[in-house]
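In case you want the letters, here they are:
Protein chains: 2
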Amino acid sequence: MDLASLETPVPVVDLDVVEANLKRMQAYCDQHGLALRPHIKTHKIPALAQRQVELGAQGITCQKLGEAEVMVDAGLTDIFISYPLMGEAKAKRLAALAPRAKMRVAIDNPIALATAASAAKQSGAEIGVVIEFDSGAARTGVTSVDAMLELAEAVRATAGLRLDGLMTYPLSAASADFLAVALPQLEARGMAAPVLTGGGTPNAFHAHETAPINELRVGTYIYNDRMMVAAGHAGWADCALHLHVTVISRPTEDRAVIDGGSKSFAADIMPAGVQEGYGYFPDYPEARLERLSEEHGMVDLSACARKPALGERLRVVPNHVCPVSNLHDRIALVRGGEFQGFVEVAARGRTV
Amino acid sequence: MDLASLETPVPVVDLDVVEANLKRMQAYCDQHGLALRPHIKTHKIPALAQRQVELGAQGITCQKLGEAEVMVDAGLTDIFISYPLMGEAKAKRLAALAPRAKMRVAIDNPIALATAASAAKQSGAEIGVVIEFDSGAARTGVTSVDAMLELAEAVRATAGLRLDGLMTYPLSAASADFLAVALPQLEARGMAAPVLTGGGTPNAFHAHETAPINELRVGTYIYNDRMMVAAGHAGWADCALHLHVTVISRPTEDRAVIDGGSKSFAADIMPAGVQEGYGYFPDYPEARLERLSEEHGMVDLSACARKPALGERLRVVPNHVCPVSNLHDRIALVRGGEFQGFVEVAARGRTV
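Respectively, the protein sequence lines represent chains E and B.
When we follow full-length UniProt numbering, the leftmost residue of the first sequence carries the number 1, and every step to the right adds one.
When we follow full-length UniProt numbering, the leftmost residue of the second sequence carries the number 1, and every step to the right adds one.
You can trust all of the hints, since none of them are fake.
Chain E is nowhere near these chain B residues, computed Cβ spacing over 10 Å in every case:
#1 V17
#2 A47
#3 L55
#4 E153
#5 P184
#6 P194
#7 T210
#8 E286
#9 L301
#10 S302
Calculated lysine-lysine pairs in the DSS-like style (CA-CA distance at most 30 Å, straight line):
#11 E:K92 x B:K307
#12 E:K307 x B:K92
#13 B:K121 x B:K102
#14 E:K121 x E:K92
#15 E:K121 x E:K102
#16 B:K92 x B:K102
Honestly, the hints are just simulated from the structure, not real lab data.
Using N, Cα and C, we set each Cβ at its ideal position, and we do this for glycine too.
I would like the entire structure built from these sequences, with the hints used as guidance.
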């Protein structure tokens, strides 16, 4: 079977581009003395996580416990869950993983702390904890050094937990400001923060000059996407995942409709002030994927000198590749331009 | 196991509300002499499709061939695929279904016609064809009566195909205008269009006064969502699907973070000029789900007199429920307020 005979829409990943992306990030981290801990939310595929570790990553990052379960089952042994786990059901599942892999979790509140403590007690294995602080995302994370110190003291006072350090996302000037105040205060209280972990692909190659972290969490760099090109992190040739689609309708001279919509591309839009639309057509750069319904993508061809024909197959770079992985049960793999088969997106849909 | 012990995020469907929604739409169609052909894209669950048929639906509508395969495997026998199928791989799959169920497909171009013809030839079973015309969506669909007539003549001239009629989405004043010109011209050429099929939940209860159709395709009405409430089709009590989530962080007085983001809610936004945000909290109507990342939902509580606590479980009505079904492998069912178990979303992810 060759690539052109695969039914569309189908996500196709070029393993040569993946390999180059992985090696570039590992080399950057090696150069600057950063531990690399890739976020598997982008690919959700154990074999790719294993390749990241083979190339030098210290371990992996998962967002949800269900993702970590898939990765531990596949043999990954050093896992950071960068997300507050809350409640006894989660504690029980974390306890089941702790004897099988080195587990670290992020917390920003007392219930998440109690959950990690319960897991440590049930498993008998020590669990590492990092405290998340807000550095501009206005998402999770404590918003003051005092709140961080209070949690750090509580971790120190809790049997089975090990204070590993601090976590920030995104890595920003605010990360540096927080650490400048926080680290001396931790030290003054006799606590250390050996792990200072920061994340985000868009500015990853500036991590060493942004804040004094020693671990980098990045996900999107493995595939890249239209947002990463817009952010200056990657070029189109560094985009490893393309949606292959078919033109299923050409109702007017200037409109093509493709057989992928929000169920294939997700509905993520570009940051305000950047380009509009839902994807980039490398073979028709002037085509604009202007609207999506669930299974239709409406393409404005008015700026195209050459226009795709009815039935033609097109390649599209999505805006944001991580939710695309989450929409497809499997992806097609290519190496050296040749179709290699499908791989299951094993941690797809693990929201719990 | 009771509902409160299910791990979040989890989609929960109230079967009592489903039943009322199904009966209301069936009664409307019965009253106005419309055949009801529900679109299964909203629920993607065979048992719910079967219930729709038991209550009087003539058959079902699927968007993709893969959805139709799931439904035929589950015993559904009258299927309309409201989407152009293109190419030999699709023809072969359609041919495999044709002896097992009454199959009808929509076309708007010659390749889709040839695909249906090939399927009919391979299967030996006649396949019904409706021609889609554009009534304002600027999506698929021929844009002129002449283009429709040309396709209709081609269908008539093709062995194995049966011209069933015309299809429009959304059902609008433009649908009526097109039909007023198209139907006499078909008749003048000795062709009939026994099936006039229109779709869309938001204005479904006005179908009888919008255009002279005789078949209604609606999907969202089974669950309803924030968009259907905004459109005036439903009230909050008619919303059958809620995402149950947990407050996993309370970093500031006015911000809660929930454990569902775009991987649980999808990123569909409300139509311009309506409300902002990504969902509605029935128990905290002033809370605003203002931002989503993949696994986090950021909730602005500044307008709330009473605010949810860390660890509290919340119910959310999503903006658009159809892509929510597509993000979850299974949903929890409730009847009479009691948890009934899970059901697999069997046609989830069937984009091909």
